[in-house]
Amino acid sequence: MTAFLPGVELSRHFYAEAVRPLLGDLPHAAARLGPGSDVLGLDTPRSTDHDWGPRLELFVDTDIGPLSAMLSARLPKRFRGWSTHFEPPGARVRSMAGTDGPVDHYVTITPFPAWCHAQLGFDPAAGVTTGDWLSTPWQRLAEFTGGAVFHDPDQTLSRVRERLRWYPADLWRYVLAAQWQRIAEEEAFPARAAEAGDEPGARVLTARLCREAARLLLLLSRRWPPYSKWLLASLPAGPAAWQLTSALRARDAREREDVLCTTFEMLAEQQNELGLAAELPATRREFFDRGYGVIGAGRFAEALQAAITDPGLRDRPLIGSIDQISDSVAVLTDPTMCRALSASLHRP
Numbered sequence: 001m002t003a004f005l006p007g008v009e010l011s012r013h014f015y016a017e018a019v020r021p022l023l024g025d026l027p028h029a030a031a032r033l034g035p036g037s038d039v040l041g042l043d044t045p046r047s048t049d050h051d052w053g054p055r056l057e058l059f060v061d062t063d064i065g066p067l068s069a070m071l072s073a074r075l076p077k078r079f080r081g082w083s084t085h086f087e088p089p090g091a092r093v094r095s096m097a098g099t100d101g102p103v104d105h106y107v108t109i110t111p112f113p114a115w116c117h118a119q120l121g122f123d124p125a126a127g128v129t130t131g132d133w134l135s136t137p138w139q140r141l142a143e144f145t146g147g148a149v150f151h152d153p154d155q156t157l158s159r160v161r162e163r164l165r166w167y168p169a170d171l172w173r174y175v176l177a178a179q180w181q182r183i184a185e186e187e188a189f190p191a192r193a194a195e196a197g198d199e200p201g202a203r204v205l206t207a208r209l210c211r212e213a214a215r216l217l218l219l220l221s222r223r224w225p226p227y228s229k230w231l232l233a234s235l236p237a238g239p240a241a242w243q244l245t246s247a248l249r250a251r252d253a254r255e256r257e258d259v260l261c262t263t264f265e266m267l268a269e270q271q272n273e274l275g276l277a278a279e280l281p282a283t284r285r286e287f288f289d290r291g292y293g294v295i296g297a298g299r300f301a302e303a304l305q306a307a308i309t310d311p312g313l314r315d316r317p318l319i320g321s322i323d324q325i326s327d328s329v330a331v332l333t334d335p336t337m338c339r340a341l342s343a344s345l346h347r348p
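Numbering (full-length UniProt numbering), first residue to last: 1 to 348.
Keep in mind the hints are simulated off the structure, nothing from the lab. Check each hint, because a few of them may be wrong.
[Said to hold, decoys possible] Here are the in silico distance ranges between beta carbons for each label pair:
hint, residue 1, residue 2, range
1, Gly291, Arg159, 48 to 56 Å
2, Gly90, Glu279, 53 to 61 Å
3, Ala306, Arg159, 27 to 35 Å
4, Arg251, Ala330, 33 to 41 Å
5, Arg347, Val204, 32 to 40 Å
6, Leu280, Ser68, 50 to 58 Å
7, Thr129, Phe4, 35 to 43 Å
8, Glu269, Ala306, 13 to 21 Å
9, Ala330, Arg159, 57 to 65 Å
No residue lacks a Cβ here, since even glycine has one placed at the ideal position from N, Cα and C.
Please put together the full structure from these sequences, using the hints given.
Structure, rendered in structure tokens:
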């Protein structure tokens, strides 16, 4: 068994020791960006069964065909114990395999603007509009700003990655407001379901609120929320994360309510500390006269919306970014679809 090495580190060595020496004076940039658990720093030995191994993104403005053929002919068949040959050729999901012939490598060779369009639907080097921000899934932004850059002589990659590191202030307020609004829509539901004798329903609703709370915690922490598989694994360590996961283990309605309210109180305090909107009491309250404890999430959404200085953004309906509009995998993995759906709902 070959000792496991985090994929980004393996790719860094692969570029420096195997790919770079073959490129001569060819102008290029190199990185490990885009889809993959390795880019998020969440890969494990289990990850090695697909889309993992000696791979990288090579950005060039030259004829790609001869360059790819040269690498196929001259790359070593194994690197640090891992195969550099991937099968099936050109498939969406590929795995390392042995070969006696040329290497079908996993070096993605493309011009950087073309790669940006394929991943995001636009070229951020030309600027990032409000529509671009709202139509780009958080997972794609995490993949774009995660991973590592290995060679960037004119700093194009680094500048663009920094540009996409986080939302401008008003957009941050808007997306946070939309996230609080999502919580406001269901925060009283677990207690009502339990009161009606629907314990399984109350647990499902609690899990839904935990998902929204996890996303809110990441957004407040200036971290792009990844898709569901990695959501809880990406939470910053701290009391809020611990409380949130405790809600999933709660034994009865009262315990669930208390843990959820404590979680939201912590998140409300975190928002107050950021100074993005008027400070509000970060304390639970009764849901009308029903006796259910809630944070009153709608008031935090309203405060954030009122603090937005851009009138065009402040007056938009609180539907938020594409991740807050849809969780369809078919939509979120298709930049064209994301942009069309977001644009149709965010008409001036």
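If any of the earlier hints don't hold here, list their numbers in rising order. Hint 9 alone not satisfied by this model.
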